[in-house]
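S.K.: Each chain is listed here by its residues.
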Amino acid sequence: MTASYVLLGLLARGPRHGYELKHAYDQRLPRAKPLAFGQVYSTLGRLERDGLVTQAGQDQAGGPERTAFAITDDGRAALETWLGEIEAPAPYVSATLLSKVVVALLVADPARATAYLSAQQQAHTSRMRELTRLKSEQDLTVGDLIAVDYALTHLDADLRWLQTALHRVADLHREVQS
Amino acid sequence: MSPILTARDLTKTYGVQPALRGIDLDLHEGEIVAVRGRSGCGKSTLLHCLSGILAPDSGEVRFRGDRIDDTAEPYRSELRRTQFGVLLQHGHLISELTSAENVALPLMLGGGSRRAAMAAADTWLARLGVAEAAEQIPGRLSGGQLQRVALARAMVTQPVVLFADEPTGALDSLAGELVMKLLTRVAREQGTAVVVVTHDATVAAYAERELVLRDGEVDPTGLGVAIGVPA
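Residue numbers (the working numbering), protein chains in the order written: chain R, 1 to 178; chain Y, 1 to 231.
Don't take each hint at face value.
Which residues of chain R face chain Y? A few of them, derived with a C-beta cut under 7 Å, are [what the hints assert, rightly or not]: (1) ALA68; (2) THR72; (3) PRO110; (4) ALA113; (5) SER118; (6) GLN121; (7) GLN122; (8) MET128; (9) ARG129; (10) THR132; (11) GLU137; (12) HIS154; (13) LEU159; (14) LEU166; (15) HIS167; (16) VAL169.
Simulated from the structure, these hints should not be mistaken for lab results.
Heads up, the beta-carbon is just placed ideally off N, CA and C, and yes, glycines get one too.
So here's chain R without its partners, still in its complex pose (with noise of 0.2 Å):
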């Protein structure tokens, strides 16, 4: 699970309690899946019972007492390991975009498909500002701009290949109608 290795890798810069680490994991990872303060205790929990990180004293600073945890020579290795290994290109297409693009051009009619497919642009194309905008004007960290970078890509992505879609169905159309 990614978390676990993410938790390994902040944990990697010196012991922290959860309540550290759940900020430090928004911190660098701000457009990601967001963690709960349950998970992060869970994970913390299953990581101990693997021997990947241990108890590293309590500390009290006019709060609840945290327990402060601390990666072991294990949890480096297992944190190495997972740093190695390639992730592998998904094999299969299996975004719902895609279904949703093709069932509407194989199934709907032409203008029940251009109003879902331009609806679904638009979606695109006002999450691309919103990111733009927070990228312009806010003093973002080098982490969180990667981030948004991730995510601004991957949605140009989107758009780039509903266009060649819809131009290939036109091609295909104009061919078949002359």
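For chain R, the structure is supplied; the task is to place chain Y on it using the hints.
M.R.: Just chain Y now, kept in the frame of chain R:
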């Protein structure tokens, strides 16, 4: 607030090939609008008609309420020099002049003193982060620096409208991002309206809205292509 630039029912035909077929556009002060569409859809022709480089076959273009499409070329040329700024894909700087001289040129052509024009050029080059390029000729600059110098030249007259045609088309993604960030920032600071023609969705995302063209017409679906459903 009334629009600063309007186009009504613009048409333009090259030979028998229609390039624009009844385009309407309202551009408001300080607004940034992207024009998108497939190659040959009429994007650049629209930009040329709006900026007075080309006269449309019919329809009208008004700047601050006054028609400009039916005026004589010297008037439109004056308008382009004083009220409009233009930024093209490859900058089109004069290769024998330094960056500062290139930027100062529009002011000097307008009758400004060389001293004042060069001072304004230095200010703009610094504002766009290319002060170090002031004494360099364009051949010695990177693509990103060239476009920032070209942007300085387009903005030095403090235009009311900036027309940009594929302004990042020749740049890598980070250089392109910097040019678009600076372009939108200075346009907003100056209250300059911008029309940016681009095929790139990441560039269009800097605009507040976009106009998608299809075969010379505005495509209200925003898709830029008419779809049928495969048999």
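S.K.: Run every hint past the structure and note whether it holds.
M.R.: Evaluation of the provided hints:
1. Restraint check, R/ALA68 versus chain Y: the minimum CB separation of about 39 Å is more than 7 Å; hint violated.
2. Checking R/THR72 against chain Y: minimum C-beta separation of about 39 Å lies over 7 Å; hint violated.
3. The beta carbon of R/PRO110 is positioned within 7 Å of a beta carbon in chain Y (closest approach about 5 Å), and the interface hint is therefore held.
4. Annotation: R/ALA113 was flagged as interfacial toward chain Y, and the flag holds, the nearest CB pair being 6 Å apart, inside 7 Å.
5. Against a cut-off of 7 Å between C-beta atoms, the interface hint on R/SER118 holds, since the closest Cβ of chain Y lies about 4 Å away.
6. Contact between R/GLN121 and chain Y, as hinted, is supported at the beta carbon level, the nearest pair being about 6 Å apart and thus within 7 Å.
7. With a least beta-carbon distance of about 6 Å to chain Y, the hint placing R/GLN122 at the interface is held under the 7 Å criterion.
8. The criterion of a C-beta within 7 Å of any C-beta in chain Y is met by R/MET128, whose closest approach is roughly 4 Å, and the hint holds.
9. At a threshold of 7 Å, the smallest CB-CB gap from R/ARG129 to chain Y is about 5 Å, leaving the interface hint in force.
10. A hinted interface residue such as R/THR132 counts as satisfied when its beta carbon comes closer than 7 Å to some beta carbon of chain Y; here the least separation is about 4 Å, so the hint holds.
11. Taken as an interface hint, R/GLU137 does not check out: its beta carbon lies about 9 Å from the nearest beta carbon of chain Y, beyond 7 Å.
12. Violation of the interface hint for R/HIS154 is found here, the shortest Cβ-Cβ separation to chain Y being roughly 11 Å, above the 7 Å cut-off.
13. The beta carbon of R/LEU159 is positioned within 7 Å of a beta carbon in chain Y (closest approach about 5 Å), and the interface hint is therefore held.
14. Contact between R/LEU166 and chain Y, as hinted, is supported at the beta carbon level, the nearest pair being about 5 Å apart and thus within 7 Å.
15. Contact between R/HIS167 and chain Y, as hinted, is supported at the beta carbon level, the nearest pair being about 6 Å apart and thus within 7 Å.
16. Evaluation of the R/VAL169 hint against chain Y yields a held restraint, the C-beta minimum of about 6 Å falling below 7 Å.
In summary, the numbered hints that this structure violates are 1, 2, 11 and 12.
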